[in-house]
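Full structure from sequences and hints, please.
Protein chains: 2
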Amino acid sequence: MRLTTFSDYALRVLMYAATAGERLITVEETARVYGISRAHLMKVVNILTRMGHLRAVRGRAGGFALARPPADINLGAVVRATEPDFALVECFATHNRCTITGRCRLPGVLNEALGAFLATLDGYSLADILLQADDFALPDGVPARPEAAPSASRG
Amino acid sequence: MRLTTFSDYALRVLMYAATAGERLITVEETARVYGISRAHLMKVVNILTRMGHLRAVRGRAGGFALARPPADINLGAVVRATEPDFALVECFATHNRCTITGRCRLPGVLNEALGAFLATLDGYSLADILLQADDFALPDGVPARPEAAPSASRG
Chain A
1 MRLTTFSDYA LRVLMYAATA GERLITVEET ARVYGISRAH LMKVVNILTR MGHLRAVRGR
61 AGGFALARPP ADINLGAVVR ATEPDFALVE CFATHNRCTI TGRCRLPGVL NEALGAFLAT
121 LDGYSLADIL LQADDFALPD GVPARPEAAP SASRG
Chain B
156 MRLTTFSDYA LRVLMYAATA GERLITVEET ARVYGISRAH LMKVVNILTR MGHLRAVRGR
216 AGGFALARPP ADINLGAVVR ATEPDFALVE CFATHNRCTI TGRCRLPGVL NEALGAFLAT
276 LDGYSLADIL LQADDFALPD GVPARPEAAP SASRG
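If you read the sequences in order, they're chains A and B. Quick note: the first sequence, position 87, residue 87 per our numbering, numbers continuous. So the mapping is simple: our numbering equals the position in the second sequence, first residue as 1, plus 155.
Quick caveat, the hints were computed from the structure, so don't treat them as lab data. All C-beta atoms, glycine included, are put in the ideal place defined by N, C-alpha and C. Hints should not be assumed to be uniformly reliable.
[What the hints assert, rightly or not] Partner residues are not named here, just some residues of chain A that face chain B (Cβ under 7 Å, in silico):
id: 1; residue: M1
id: 2; residue: L3
id: 3; residue: Y34
id: 4; residue: G35
id: 5; residue: E90
id: 6; residue: E112
id: 7; residue: F117
id: 8; residue: T120
Right under this line is the structure:
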């Protein structure tokens, strides 16, 4: 059982933005911090902006920041929005061909379990998993840009 | 968020075997009932047999049946055994490269949610989702073999 990489990255972007506070961060910086692909993050940031969790500032000195306090960003709501579906088994999905659909009692049980999963996440906000700048292993909380800190050490 | 097809099929095999009762069923018959690949089911039946949920009888008239009462087959235990992992996000997996691992507080929240999911399933056994023979849309509970029932109607 897995969440999509999209949800994983969305949660990471929000965590890093929460730590950055008012400072505008960029997709490039976030990709470097986590060592992940910039292309993947672009779409994640777009969706989070559309959801109202991030605010984007255009232009050369632009970037993005949290649009609301971390306590107002519910983890259950984020995962509900970033997962493409919760099709635990075939009959939950669009192209279901299971022959016992409609009579089977498994979906009820799985839906109850899924509800318990999401209800747990609903009990937490981004504020509950907030990190400090040095948790990202970057000196002084300012991400090391290659040209600015060629010998930046970790820790 | 999805379970694997393997878990899906394992639950279907157990449901069909529970309905068949003492009668030995085969992989071929189960594959036909659900309209799914025989090859996929072979491995599922082998694992369920190894887990002690099914007992296999070899030979020409052989097949398999539940090895224990449906009430003794816990759905949480089945899913725990059939899912290859519960790697909800990257850091739960073997080849984790997330840079904030060890400091991040998200795994604790996700583990709690996963625990709630599995605890719900732990509250149910195969007996709770038992179907009747005609729920499988086959007359008299005996699966229609192509040669035996060329005009078998549904319902």
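Outcome of the hint check:
1. This hint holds: M1 (chain A) has a C-beta 5 Å from the nearest C-beta of chain B, less than the 7 Å allowed.
2. The interface hint given for L3 (chain A) holds, since its Cβ lies 5 Å from the closest Cβ of chain B, which is under the 7 Å cut-off.
3. A least Cβ separation of about 5 Å between Y34 (chain A) and chain B falls short of the 7 Å threshold, and the interface hint therefore holds.
4. For G35 (chain A), the shortest C-beta to C-beta distance to chain B is roughly 6 Å, which falls under 7 Å, so the interface hint holds.
5. At its closest, the beta carbon of E90 (chain A) sits 6 Å from a beta carbon of chain B; the interface hint therefore holds under the 7 Å criterion.
6. Hint status for E112 (chain A) relative to chain B: holds, with the closest Cβ pair at about 5 Å, below 7 Å.
7. The beta carbon of F117 (chain A) comes within 4 Å of a beta carbon in chain B, closer than 7 Å, and the hint placing it at the interface holds.
8. This hint holds: T120 (chain A) has a C-beta 4 Å from the nearest C-beta of chain B, less than the 7 Å allowed.
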